[in-house]
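A.B. asks: Sequence:
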Amino acid sequence: MSNGEVEKKVVVKGQQPVDEALKETKEQVNDESSQVKDHDFYFNFYSSLQNQANMIGDVARTGTYRKAILGNAAVAFAGKTVLDVGAGSGILSYMSAQAGANQVIALEASSMAEKIEIMVKAANSGRINPHLKDRIRIVRGMVENKKVQEQVLESGKVDTIVSEPIGVMLLHERMVESFILARDLFLKPGGQLLPSAGHIFFCPFSDEGLYNETDQKAQFFNHTLFGTDFSELYNAAREEVFAQPVVGMFPPTSLLSTACTPKSFDFYTCSPHDLLEFTIPIDFIVSRTSLVHGLASWFDLDFQPRPAPGEADVNWDFPVLPSSSLSSNAWQWMTQQEQPLNPGPTPRPPADGLTVTLSTGPNGESPVAFIVRFGMLTCVLFGNSASYTLATGATSPPGTTRGEQGRTSDRFDPL
Numbered sequence: 001m002s003n004g005e006v007e008k009k010v011v012v013k014g015q016q017p018v019d020e021a022l023k024e025t026k027e028q029v030n031d032e033s034s035q036v037k038d039h040d041f042y043f044n045f046y047s048s049l050q051n052q053a054n055m056i057g058d059v060a061r062t063g064t065y066r067k068a069i070l071g072n073a074a075v076a077f078a079g080k081t082v083l084d085v086g087a088g089s090g091i092l093s094y095m096s097a098q099a100g101a102n103q104v105i106a107l108e109a110s111s112m113a114e115k116i117e118i119m120v121k122a123a124n125s126g127r128i129n130p131h132l133k134d135r136i137r138i139v140r141g142m143v144e145n146k147k148v149q150e151q152v153l154e155s156g157k158v159d160t161i162v163s164e165p166i167g168v169m170l171l172h173e174r175m176v177e178s179f180i181l182a183r184d185l186f187l188k189p190g191g192q193l194l195p196s197a198g199h200i201f202f203c204p205f206s207d208e209g210l211y212n213e214t215d216q217k218a219q220f221f222n223h224t225l226f227g228t229d230f231s232e233l234y235n236a237a238r239e240e241v242f243a244q245p246v247v248g249m250f251p252p253t254s255l256l257s258t259a260c261t262p263k264s265f266d267f268y269t270c271s272p273h274d275l276l277e278f279t280i281p282i283d284f285i286v287s288r289t290s291l292v293h294g295l296a297s298w299f300d301l302d303f304q305p306r307p308a309p310g311e312a313d314v315n316w317d318f319p320v321l322p323s324s325s326l327s328s329n330a331w332q333w334m335t336q337q338e339q340p341l342n343p344g345p346t347p348r349p350p351a352d353g354l355t356v357t358l359s360t361g362p363n364g365e366s367p368v369a370f371i372v373r374f375g376m377l378t379c380v381l382f383g384n385s386a387s388y389t390l391a392t393g394a395t396s397p398p399g400t401t402r403g404e405q406g407r408t409s410d411r412f413d414p415l
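Using UniProt numbering, you'd call the opening residue of the sequence shown number 1 and step up by one each time.
Calculated from the structure, these hints are not laboratory results. Note that the Cβ used here is the ideal one computed from N, Cα and C, for glycine as well. Check before you lean on any hint, since a few could be wrong.
Here are the simulated DSS-like pairs of lysine-lysine, each with C-alpha atoms no more than 25 angstroms apart in a straight line [to be verified]:
id: 1; residue 1: Lys188; residue 2: Lys157
id: 2; residue 1: Lys115; residue 2: Lys146
id: 3; residue 1: Lys133; residue 2: Lys146
id: 4; residue 1: Lys188; residue 2: Lys146
Label pairs and their in silico Cβ distance ranges [stated by the list, open to error]:
id: 5; residue 1: Arg288; residue 2: Asp184; range: 53 to 61 angstroms
id: 6; residue 1: Gly248; residue 2: Glu154; range: 40 to 48 angstroms
id: 7; residue 1: Gly63; residue 2: Asn212; range: 46 to 54 angstroms
id: 8; residue 1: Gly190; residue 2: Asp215; range: 49 to 57 angstroms
id: 9; residue 1: Gly63; residue 2: Ile285; range: 30 to 38 angstroms
id: 10; residue 1: Glu117; residue 2: Leu185; range: 21 to 29 angstroms
Given only the sequences and the hints, what does the whole structure look like? Please build it.
C.D. replies: Printed below as a string of structure tokens:
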């Protein structure tokens, strides 16, 4: 079976054509009646100081942003105009001011903008935080809204844009699209972006414990409960639990291949279309005999400015978050993973290779969610060549939100 034949089996449920999705989003945010309200779950999540505390308290991420900003103040911040897209608590805006920014525009859609205003008023009065005095301007709203765009541009285009737009598997919640739109609308030629690029990595994994744990959730319905036999719902329950990705940590020892293939996005050059919809064909050499329970993924972020024309490359102190090395001691604490599970890992003849095709796109049921589907083809070698196909898929839940507690409600997740 060829790779092309595998790709034909991949169907993205609920996916919209890219142009249609972009048009629909644009119409929604430009409609004056479509305003951000705190009863909207997505923005309500970011209106919570406790949720903001969880994000600020993520030392690996927040510390890296601080090192990238303060350690390179002369390159991208000192005397510059900076835009913070999705400012949240304002932490990146405050760091930008510390780095010497002449003006920082804190763009925030949720009511957390009111909390930034409290901080700014206190600083402007001279009571606390003198480094923030008269340096921060707040704009409340979504970057996609025309009125908001006009407010941001009141002082002209900006020299640097900072943001923390990452979600599950980098792109979930579609905040990166807003970051790219801000680049197109507000960044001066030769301006700087933080982060500058993102890379998604994939690798097949085997984890019998995780598989059994997931299957056990469906087993609940394979019993008589309070006098009624629910076993007719078992297959539906099993299909449901295996359609959900597992977001969390996984041991590097569960990975079955030494080659992890990245999908990269250069935030300086990529377009919204590049982010909305893409297909990734991947080939792996499996390193040991094992059942393939699914595909694991994680991502890196780069903080690498581009030099002005004719200038030498800029040497940033801390260009990458996190380390992509699976042997790094910090790896398990600095990366976020997503593991789609194969719902039927029946024993196969020995295989020495795996071909995977992933397809992703916007979820028609949610403006902030992505759907990911994948098909797998094992390449089997024993005597005469033969092949076996495994086809499965996983979706990112429409209700998943950005931020640590939103992504994993029961634990602190570093990215």
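A.B. asks: 46 to 54 angstroms was suggested as the range; check whether the CB atoms of Gly63 and Asn212 agree with it.
C.D. replies: 37 angstroms, violated
A.B. asks: For the range 49 to 57 angstroms, tell me whether the beta carbons of Gly190 and Asp215 fit it or not.
C.D. replies: 54 angstroms, holds
A.B. asks: Does the alpha-carbon distance linking Lys133 and Lys146 stay inside the 25 angstroms limit?
C.D. replies: Since the Cα atoms of Lys133 and Lys146 sit roughly 29 angstroms apart, the hinted pair is violated (cutoff 25 angstroms).
A.B. asks: Between Lys188 and Lys157, is the straight-line Cα distance small enough, at 25 angstroms or below?
C.D. replies: 6 angstroms, holds
A.B. asks: Taking 40 to 48 angstroms as the stated bounds, is the beta-carbon spacing between Gly248 and Glu154 within them?
C.D. replies: 43 angstroms, holds
A.B. asks: If you check the beta carbons of Gly63 and Ile285, does the distance land in 30 to 38 angstroms?
C.D. replies: Given a distance of about 36 angstroms, which is inside 30 to 38 angstroms, the answer is holds.
A.B. asks: For the pair supplied as a hint, Lys188 and Lys146, confirm whether the alpha-carbon distance does not exceed 25 angstroms.
C.D. replies: Holds: Lys188 and Lys146 sit about 19 angstroms apart, inside 25 angstroms.
A.B. asks: Starting from the range 21 to 29 angstroms, see whether the pair Glu117 and Leu185 falls in it by beta-carbon distance.
C.D. replies: Once the Cβ atoms are compared, 23 angstroms apart, the range 21 to 29 angstroms for Leu185 and Glu117 holds.
A.B. asks: Can you let me know if the beta-carbon spacing of Arg288 and Asp184 is within 53 to 61 angstroms?
C.D. replies: Check failed, 46 angstroms falls outside 53 to 61 angstroms.
A.B. asks: Just to be careful, I want the Cα atoms of Lys115 and Lys146 compared with a cutoff of 25 angstroms; is the pair within it?
C.D. replies: 24 angstroms, holds
Of the numbered hints given earlier, the model fails hints 3, 5 and 7; all others are met.
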